[in-house]
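**Q** Using the sequences plus the hints, can you model the full thing?
As you go down the protein sequences, you meet chains A and B in turn. Counting along the first sequence from 1, when you hit position 493 you're at 493 in UniProt numbering, and nothing is skipped either side. Counting along the second sequence from 1, when you hit position 105 you're at 105 in UniProt numbering, and nothing is skipped either side.
A couple of the hints might just be wrong.
Because identical chains cannot be distinguished in the list, a pair is counted as satisfied if it fits within a single copy or across any two copies.
[What the hints assert, rightly or not] With a cut-off of at most 30 Å between alpha-carbon atoms, the simulated BS3-like pairs for lysine-lysine come out as follows:
1. Lys53 to Lys41
2. Lys469 to Lys444
3. Lys16 to Lys53
4. Lys109 to Lys540
5. Lys234 to Lys540
Quick caveat, the hints were computed from the structure, so don't treat them as lab data.
Below are the chains, spelled out letter by letter.
Protein chains: 2
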Amino acid sequence: MTKITKLLTDLEIASKADIRPVKEIAEAAGIPEEAVELYGKYKAKIDVTKLPKKTCNGKVVLVTAISPTPAGEGKSTVTVGLADALSQIGEKAMIALREPSLGPVMGMKGGATGGGYSQVLPMEEINLHFNGDLHAITTANNALSAMIDNHLHQGNSLQIDPRRITWKRVLDMNDRALRNVTVGLGGPAHGVPREDGFDITVASEIMAILCLATDLVDLKERLARIVIGYTYGKEAVTVRDLGVEGALTVLLKEAFKPNLVQTIEGTPALIHGGPFANIAHGCNSLMATNTARSLADIVVTEAGFGADLGAEKFMHIKARQGSFSPDAVVIVATVRALKMHGGVPKQQLQEENVEAVRAGIPNLEKHIDTIRRFGIEPVVALNRFISDTSEEVEEIISWCKANNVAAAVADVWGKGGEGGFELAGHVMKQLNSLNNFAPLYDVKDKTADKVRTIVREVYGGEDVQFTDKALKQLIEIERNGWGEMPVCMAKTQYSFTDEPKLTGRPEGFTITIREIIPKLGAGFLVCLTGDIMTMPGLPKQPAALNMDIDAEGNITGLM
Amino acid sequence: MTKITKLLTDLEIASKADIRPVKEIAEAAGIPEEAVELYGKYKAKIDVTKLPKKTCNGKVVLVTAISPTPAGEGKSTVTVGLADALSQIGEKAMIALREPSLGPVMGMKGGATGGGYSQVLPMEEINLHFNGDLHAITTANNALSAMIDNHLHQGNSLQIDPRRITWKRVLDMNDRALRNVTVGLGGPAHGVPREDGFDITVASEIMAILCLATDLVDLKERLARIVIGYTYGKEAVTVRDLGVEGALTVLLKEAFKPNLVQTIEGTPALIHGGPFANIAHGCNSLMATNTARSLADIVVTEAGFGADLGAEKFMHIKARQGSFSPDAVVIVATVRALKMHGGVPKQQLQEENVEAVRAGIPNLEKHIDTIRRFGIEPVVALNRFISDTSEEVEEIISWCKANNVAAAVADVWGKGGEGGFELAGHVMKQLNSLNNFAPLYDVKDKTADKVRTIVREVYGGEDVQFTDKALKQLIEIERNGWGEMPVCMAKTQYSFTDEPKLTGRPEGFTITIREIIPKLGAGFLVCLTGDIMTMPGLPKQPAALNMDIDAEGNITGLM
Chain A
1 MTKITKLLTD LEIASKADIR PVKEIAEAAG IPEEAVELYG KYKAKIDVTK LPKKTCNGKV
61 VLVTAISPTP AGEGKSTVTV GLADALSQIG EKAMIALREP SLGPVMGMKG GATGGGYSQV
121 LPMEEINLHF NGDLHAITTA NNALSAMIDN HLHQGNSLQI DPRRITWKRV LDMNDRALRN
181 VTVGLGGPAH GVPREDGFDI TVASEIMAIL CLATDLVDLK ERLARIVIGY TYGKEAVTVR
241 DLGVEGALTV LLKEAFKPNL VQTIEGTPAL IHGGPFANIA HGCNSLMATN TARSLADIVV
301 TEAGFGADLG AEKFMHIKAR QGSFSPDAVV IVATVRALKM HGGVPKQQLQ EENVEAVRAG
361 IPNLEKHIDT IRRFGIEPVV ALNRFISDTS EEVEEIISWC KANNVAAAVA DVWGKGGEGG
421 FELAGHVMKQ LNSLNNFAPL YDVKDKTADK VRTIVREVYG GEDVQFTDKA LKQLIEIERN
481 GWGEMPVCMA KTQYSFTDEP KLTGRPEGFT ITIREIIPKL GAGFLVCLTG DIMTMPGLPK
541 QPAALNMDID AEGNITGLM
Chain B
1 MTKITKLLTD LEIASKADIR PVKEIAEAAG IPEEAVELYG KYKAKIDVTK LPKKTCNGKV
61 VLVTAISPTP AGEGKSTVTV GLADALSQIG EKAMIALREP SLGPVMGMKG GATGGGYSQV
121 LPMEEINLHF NGDLHAITTA NNALSAMIDN HLHQGNSLQI DPRRITWKRV LDMNDRALRN
181 VTVGLGGPAH GVPREDGFDI TVASEIMAIL CLATDLVDLK ERLARIVIGY TYGKEAVTVR
241 DLGVEGALTV LLKEAFKPNL VQTIEGTPAL IHGGPFANIA HGCNSLMATN TARSLADIVV
301 TEAGFGADLG AEKFMHIKAR QGSFSPDAVV IVATVRALKM HGGVPKQQLQ EENVEAVRAG
361 IPNLEKHIDT IRRFGIEPVV ALNRFISDTS EEVEEIISWC KANNVAAAVA DVWGKGGEGG
421 FELAGHVMKQ LNSLNNFAPL YDVKDKTADK VRTIVREVYG GEDVQFTDKA LKQLIEIERN
481 GWGEMPVCMA KTQYSFTDEP KLTGRPEGFT ITIREIIPKL GAGFLVCLTG DIMTMPGLPK
541 QPAALNMDID AEGNITGLM
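**A** Pasting the structure below:
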């Protein structure tokens, strides 16, 4: 308990940690030297083709959460702390995490490397550029855009309709002014004018493809299948038609290799791929998860935002495409978020309010219900904050006990792995019992029914409404024979509904699907709900304003 | 001579080369292990703060060229071959080069790692993403744009006039459709509508700043000085006003470290920074040049395109800001380019044509004259191509002899360092004699006079015409007290004039300055001439169409 008496920032704790050369971490994890490509002393890329051939049979623990506050509820922190706890009790554990996007790092949410004494290192470098993966994806995405606009400019032999180009440009940035743009202005020497827009890189189909591809051949084939738009005759135009799948794969060659780092306690962590879970499928790469499963007995991984988003997609998209199933699920809850679901305004979340905690529990209850519907008995991890009172914490734990839900207080932020022993015990119990995992829908179900199943069983809603545009798209999708893919819901993370302000556990609501975008390379149909935006904006006081660096290169203000 | 009988591509030659671990290259160059940050086995970043403090007194050999063809005349190839030749004759030589932009790699010109047996390795990785430097610059540039648009959106307390924002976004891409765009469309939730445009990353002021800054403190201070536009009251708005110089420096921290690689023959090469010389200042980083000068006795470096562009800026911008002067200058000429200057159309450049070579020599003659005006006696390197005939080669060499110009045939493409011995001999002679280097203008001259001096003395033209817009800008620049900076001409590389088709050595021409953009961070005034564009386009058949990668990760089609 002494550790938390002195309040250090995550960056200060990370800077003071005893970081080991990543070579040693690799060696301890059973990764042969020839497979390790160092990026500085503390990061490496793993050439998986040089790993000893082993079966992927490590068990998978998925860490998900209740519906979060804007600051996030600490899934990465719990993932790291749980893996460290498992390591401390003698299990061979490994972590698989997503890599941070610079958008939130420069904007509001901050980095994505855990917190306190449950962090992955080196914190700064993982949060800034990391090993260039997101930049390579940005480049491949925008190279494709440049090829499309060049094709229009050079005669348009494929007869692409500039009004029906669905491929958008991307930047790894929160930049609302780029959501809707016009390009090709300025006269005949400067391309063909058309409407376009920028998404954040983590929403790019290429990010999803990188996260779902199994090898270079599969990567190239998926890239070739991307639909970039339609001809004047309304036929789909693919990357294969443009002939650039080879070049795009060349650009992604290094980014496709998982990155190895370590926790403060030295547990190996593969950090690779980073799709957001509200606008994309929200899971780290299958390549990283599979590699970890071939090296360790237990892989602790996470999926973004609440169980309605990341976990649902983990089950229906990633696990399905990867032909595996999760062996245990942890739901992270916080006193802070439950108070928010209980109706407390943001400014008062620091004040004790046991009533509000109790009033917020139905949100947790629905996420528990969802995981049970998938055939898995979840474990609740209460991620403890310094400001939480014992009464608030006790309210949640005793509710769980009363409702036969395994639950533990996780004080991994303050104590590292040691703070996660009780949680680890519950998880080990789940891993040693059988579960009856099954997806909630079949890919052969009608697309509208797949959406309806998610809305009813996962969100707890009543019905789905499709806009006229979405209805037309549904017909097009069937006509093109693209119906047999899972759906990837794009929905606000703050609510089970498509309206961010409706916290708690709303009932009887309808979800509106405003647009359906087929992603043939990723292998899913993106369904945009409500006002969800695929390019975030910066807040009034972006985190960037607090960042600085001194003459010796010491960074401050990185969260 | 056996080497060139079997015609291999540059990529094939590079793949077959015996590459040594970069750790060994660093050790041989006197770089202590603690300063070496490995990026894979064959690339490293150098932490210059961990180098032994030594005086920067290595001599500098600048490699420049005649006005080039679109394919380039092999400055990088000659730079590498010359350094290898110097190493072979026992000199302690090191290379400082610019890093390639992905625009030309995916477009037409190909990579920038030399050719044949005079290449830097690993060719693929240097040409693709390298160590992420250009991506970091792109990110910092666009983070600033996002901060500007966010400022407009969040109340615009600085009263920035959206019509007078001069800061543009960038991508490391050839993408003409992004030259002129409108952003912020779609309604009040999506920013403030305004005109904007994208430049290629190598034209970003942040690239110039990274290449001219001497340490992290200078880097941050220069970033703070960037003028991003003007208020409604026409006052300049800087990065310091926005308060994000700290965050931008944080984003550039790793990119600011020079990258170490090796030539096929094992000569150490620092490759760092990559501004184009037609639209930017065209020289690798001062950091890399200074680091090389502290480690080696002779540093061979290049400046982009012909001596009218890169070399002029090397003398007036880089050498001036770095307080050093070049000790020798090599002008690369090719039979192919001289034939072009002699009036031969592109399709017939492969055919023997001694007449045309002779007719093209005045272009070379003017570049020789320019270097002499700077007080340095140049050495001409004829970069030999397989298709050159002995008569064509002899025509050039004998003209040089007759005109008292030191000249050598450099067959470094076919033979590596061995093919550069004669050239190395001439260069050593120059290094051992005194020169009278002096810039052609003083920064305190009036800006219009500085431009006039360059047009008359370097381009061999008659006069300068300023558009009304440029004239207004000249007045503004004086009013703001920004007049005492060197100018950075943005001009086509194909001609001494501002009209690309006027090859050879035109006379009596006038250069039109259409716009002057103050770059206070870089410390120069960019003067845009003619139709020069700061974002290139892709050709009808981009190089990307030929690129591919197999299941084992072997790349083909990279030039």
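**Q** Against the structure shown, which of the earlier numbered hints fail to hold, in ascending order?
**A** No hint contradicted; all consistent.
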